[in-house]
Structure formats: structure tokens, C-alpha cells
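**Q** So the chains spell out like this:
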Amino acid sequence: MLYSAEIFLIELIPANKMKSDSVHLEVTSLTDPGRVRALNEDAVAVDGESGFAVVADGMGGHRAGDVASRMALESVVERLRRQSRAPSPQRFAEQSIAAANFTVLSAARAKAEFKGMGTTLAMVFMHGQRAILAHVGDSRIYRLRKGSLELLTRDDTLLHDQLEQGLIGIEDAGDSHNRHMVTQALGIHEQITVHLHEEDVRRGDIYLLCTDGLNDLVDDKDIEVIIEALKTNLPLAAFHLVQLANDNGGYDNITVALIRVLNDAPTEIRPGWLSRLRNWMTS
Amino acid sequence: MAKLVLSHNGKVIDQYFLKKTSITIGRDKSNDIAIDDPLLSREHARIVSVGDDEIIEDLQSSNGTQINGRPLTRQILQHLDVIALGSHQLRYQSSRTASDADLERTIMIKALPRTTQSDADADAAILAIPVAHAARAKWPRGSVIVLKSPVSHSSGETIRLDEVVTTFGIPSEQLIVLTRRPQGVFVTHVEGKQFPSINGQTIGTTPYALRDGDLIEAAGYQLKFKLESPTEHA
Numbered sequence: 145m146l147y148s149a150e151i152f153l154i155e156l157i158p159a160n161k162m163k164s165d166s167v168h169l170e171v172t173s174l175t176d177p178g179r180v181r182a183l184n185e186d187a188v189a190v191d192g193e194s195g196f197a198v199v200a201d202g203m204g205g206h207r208a209g210d211v212a213s214r215m216a217l218e219s220v221v222e223r224l225r226r227q228s229r230a231p232s233p234q235r236f237a238e239q240s241i242a243a244a245n246f247t248v249l250s251a252a253r254a255k256a257e258f259k260g261m262g263t264t265l266a267m268v269f270m271h272g273q274r275a276i277l278a279h280v281g282d283s284r285i286y287r288l289r290k291g292s293l294e295l296l297t298r299d300d301t302l303l304h305d306q307l308e309q310g311l312i313g314i315e316d317a318g319d320s321h322n323r324h325m326v327t328q329a330l331g332i333h334e335q336i337t338v339h340l341h342e343e344d345v346r347r348g349d350i351y352l353l354c355t356d357g358l359n360d361l362v363d364d365k366d367i368e369v370i371i372e373a374l375k376t377n378l379p380l381a382a383f384h385l386v387q388l389a390n391d392n393g394g395y396d397n398i399t400v401a402l403i404r405v406l407n408d409a410p411t412e413i414r415p416g417w418l419s420r421l422r423n424w425m426t427s
Numbered sequence: 014m015a016k017l018v019l020s021h022n023g024k025v026i027d028q029y030f031l032k033k034t035s036i037t038i039g040r041d042k043s044n045d046i047a048i049d050d051p052l053l054s055r056e057h058a059r060i061v062s063v064g065d066d067e068i069i070e071d072l073q074s075s076n077g078t079q080i081n082g083r084p085l086t087r088q089i090l091q092h093l094d095v096i097a098l099g100s101h102q103l104r105y106q107s108s109r110t111a112s113d114a115d116l117e118r119t120i121m122i123k124a125l126p127r128t129t130q131s132d133a134d135a136d137a138a139i140l141a142i143p144v145a146h147a148a149r150a151k152w153p154r155g156s157v158i159v160l161k162s163p164v165s166h167s168s169g170e171t172i173r174l175d176e177v178v179t180t181f182g183i184p185s186e187q188l189i190v191l192t193r194r195p196q197g198v199f200v201t202h203v204e205g206k207q208f209p210s211i212n213g214q215t216i217g218t219t220p221y222a223l224r225d226g227d228l229i230e231a232a233g234y235q236l237k238f239k240l241e242s243p244t245e246h247a
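Order-wise, the sequence lines are chains A and B.
Just so we're aligned: 149 in the working numbering is position 5 of the first sequence, and the numbers increase by one with no gaps anywhere.
Just so we're aligned: 153 in the working numbering is position 140 of the second sequence, and the numbers increase by one with no gaps anywhere.
Only chain A is shown next, with the shape it has when bound in the complex (with noise of 0.2 Å):
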């Protein structure tokens, strides 16, 4: 390949033509039971139009798992769906899991078949030029930016605490039985932290959200080269995510949602136009 179509759509775009208060976003999801577990436990939503990811996954409470991780879901998304990110993007985000833990908690003090009940949950959503990052519990989000991939959120484990608090190597991390011990989730306690974070959005990242039996069995370096291989047809990266998590063992339900930030409109991209442009470039 001489050059990269993308690289000159951007550099020849005039400045006044690029919209600066918006990205064009493709976004997609897959979640898998796995091939050990009959249920899923795990929920998923993704929208590109309103520009955000979730992923919820449930646990306890006599098969309620399942409930908890779709209530928490739905109460995000139900916020995510509506325009105000009022009184600002981070409160906003704080307030939306507040609200989703209050409703978990509740459901769960109502109902004996509820008790115990939890989700974790991780979510991204854009504002303008930044994506706003927050979870609660072990779910991840990474972002692959210039081909690298990188871990933005610390897990609520207790192997976390163990390896931040040098009671264990990172090397013997493999050896923990403590691997699936959160130490927060949604619908446990009134009080719970929230993890915030805020990124500036770059034309080509792409954001990862995904649950345990993903990071689990796969390795992040695995993660990088699917995502990067695979960047331009989304749900086939998700779908080889899914299957190689499966191909490990598939221990748990398998679940990602991916965000990846375009170059620009879709639409915007005329083939008439990009082959001007190639016959200038060859001339």
C-alpha cells in the first residue's frame, strides 16, 4: 500500500468543514453464555446515535444475577438516552450509577428471590470532544489508540488490593484463588465509589468495554492484535474476541462492546472523491 486514504481525508478536510462538537462513532456488541454456564448473566448496550457503551455483569441472589445486571443496565441507559449530561458529564455519570445501584438495591430488598443480588457495571459515554469513562466492580474498559492497547480502569478485586499492596507479585497473580472476589458492586450497599476517569477522543481509537470471562482467559496482547487486525469490519473483531475467550476454556459469560471512533462522517467519504484525489496524488 503507497498511502492511506485516511490520513489525507483528514490533513485536506477544510478546518470549517470538521464538525468540532461531535464524533462519528461505529459501536457494536456481542455477549456469549460461554460453554460452561447454561445462563448469562452479563447485559450489554451500546448506542452509536446518543454515543455510549455498557456492560453489566450480575451475580448472587438464587439465579437473580441476571436480574440485577439488566435493571442496572436499563436504569443507565434510560439516562444515557436522554440528551442533558446535566449538571456536568462526571456528575452526570456518578448520579446515573447512583440511581442504578438504588434500583438494584431496592429490587433486591423487596423480593426474597432478589437478596444478595449485585452487578457489576462499566460504561462509556462521548461529551463533545471527550469520552467519559466510569465503573464499579471488575468489568474493564481498554482503549486501543495507534495500535497499542491500554487498561483504563483498575479492577475492584481483591487480587487488585493484594497485588496493590505488595502482599503478592504480579508474576503470582495466576496462582490467587482470589480472582473473582469484587470488592463493589451495584445493589449491595447504599454507599457505593464510583471510578471516574475522562479522555480526550481521538480520531481512530477504539474503546473496549467487556466482563471478566473475556480478560480472564485472554491476553491483553491477543486483545490488541484481534482489535487491530480486525478494526474495519467491528463485529467480526468481537465475534473472534468472544471465540478466542471460548477457545480458552469459555468459563464464564463472554461479554464485549466496542466504540470505535471514525475519521470522519461515513457518508462524507465519496468514492468520486477519494479517486480525485488518488489521481492527483499519482500525477
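Think of the hints as simulated: they come from the structure by calculation, not from any bench.
Backbone N, C-alpha and C fix where the C-beta goes; we use that ideal spot for every residue, glycine too.
Among the hints, erroneous ones may be present.
Now the stretches of chain A that chain B is said to cover, found in silico as 3 or more residues with beta-carbon under 8 Å [said to hold, decoys possible]:
hint: 1; stretch: 190-201
hint: 2; stretch: 238-247
hint: 3; stretch: 327-337
hint: 4; stretch: 346-353
hint: 5; stretch: 373-382
hint: 6; stretch: 385-392
Add chain B to chain A, keeping to what the hints say.
**A** What follows is chain B alone, placed relative to chain A:
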């Protein structure tokens, strides 16, 4: 509950259940497990419980501690580990093994109390915790010989398919992916107007399981697939 079985010269002397969150082992009577052995230091080793982990640490003893024949500094105990101190042995027995954790459901647990330092670092510290399993070593390996290439590769070149995915073509135009799986290597159409063909037959968008010697034509490439026999690597 996990327990430690103390033995000397192959003879069982005593057993201790790990009920406390911190247990010390040594020559002094003040230890939770006091062993009368002149080769032991007064405070020789310690076991700390965190969640379902029992972490054993040598307390910089004069003669050291060995675990399964290797010098111990600190590590997470696993079912049937053998700890050697002086002329004594402790055998760790637990009802749980690390591989059980795979099948376990997520549960809630209280966070460790934060130290001042970890509090300050709370949101800065993002640790990429490695996966529990390294798989793939036994998965079939494949390679392709480039017979024809539109650009970057030269004819006759062999490309190994060691990664989980390897693509051929131009992103956003015409692209295929070769996927390494436990069952073998698969070829799938990624994008573009033309679908790949195998031995002259088009495969559409369905993944195709490659056989040794298959000819792949896609994205301007002609590739001959070679499957390395898994038995060579077993």
C-alpha cells in the same frame, strides 16, 4: 478449611488448622506453630490469609525455607505444597485448588483496608493482571507460501501464522483474516467486494477450515496453506 500437617523423617507429628488471618512458625514457644528444631530461626516463617489465598513468607530466617524443593521468599500456597524448614516438613492441604477458581461464580468481599500510600495511588494504580491460563502451545500451527502478492510480500516467501489472527490485504478495501484455533486454521472474509476462494471455490462470508495444501485466492493474493502436523509438536 486449610490445614498444615507437620512431619519429621516421614512421620506425622501434628496438624494445624489455619483459623487465624496471620500465623507464625518458628522455634520460639510464642509462635502459633512452634517447632523444636535447632535449625529453625526463632520466628522463621509466616502465613497470612487474604480471601481464599494463604500466602507464606520466609521471615529472613538464617537457614531459609524451601517449598517443593525451591527456596521460598513469598508465595501463594497451593494444595499439597510441601514446606521444608530445618529437618521438619509441613504439608499444606486445602479443599480448593487454583483451577477450581475458573468455575467459581463471582462473589462480593470486603476490600482490604487501604494503606495511606495505596489511598494516594488509588486511581493511578491500574494493574494489568495477567490471565490465569497460557493456552495455545498445543494448538495446530500453520503457514502460507506467497505465490502471488499485490504489494508487500515477495513471491515464494513463507509467512508463519503464529498469532491468533493474521490479515492479508488492505484495510477499508479488501481484507481476509486467517484465524488460529484449537481445531485448526480458518480463513474468513473481513471486507471488500470480492469474497475469498479456496481451490477455485468461493466461500462467501462463512469461515472455512483450511486443509494442508489448500490454495487461497483473495485480496490480490495467492497463498498456499501448509498445516504443520500437531504430532510434531506434541
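**Q** Now tell me if each hint is right for this structure.
**A** Against the structure, the hints come out as follows:
1. 190-201: violated (count 1)
2. 238-247: violated (count 0)
3. 327-337: It holds, with 4 qualifying residues against the three required.
4. 346-353: violated (count 0)
5. 373-382: holds (count 6)
6. 385-392: This one holds; 4 residues, not fewer than the three required, reach chain B with a Cβ under 8 Å.
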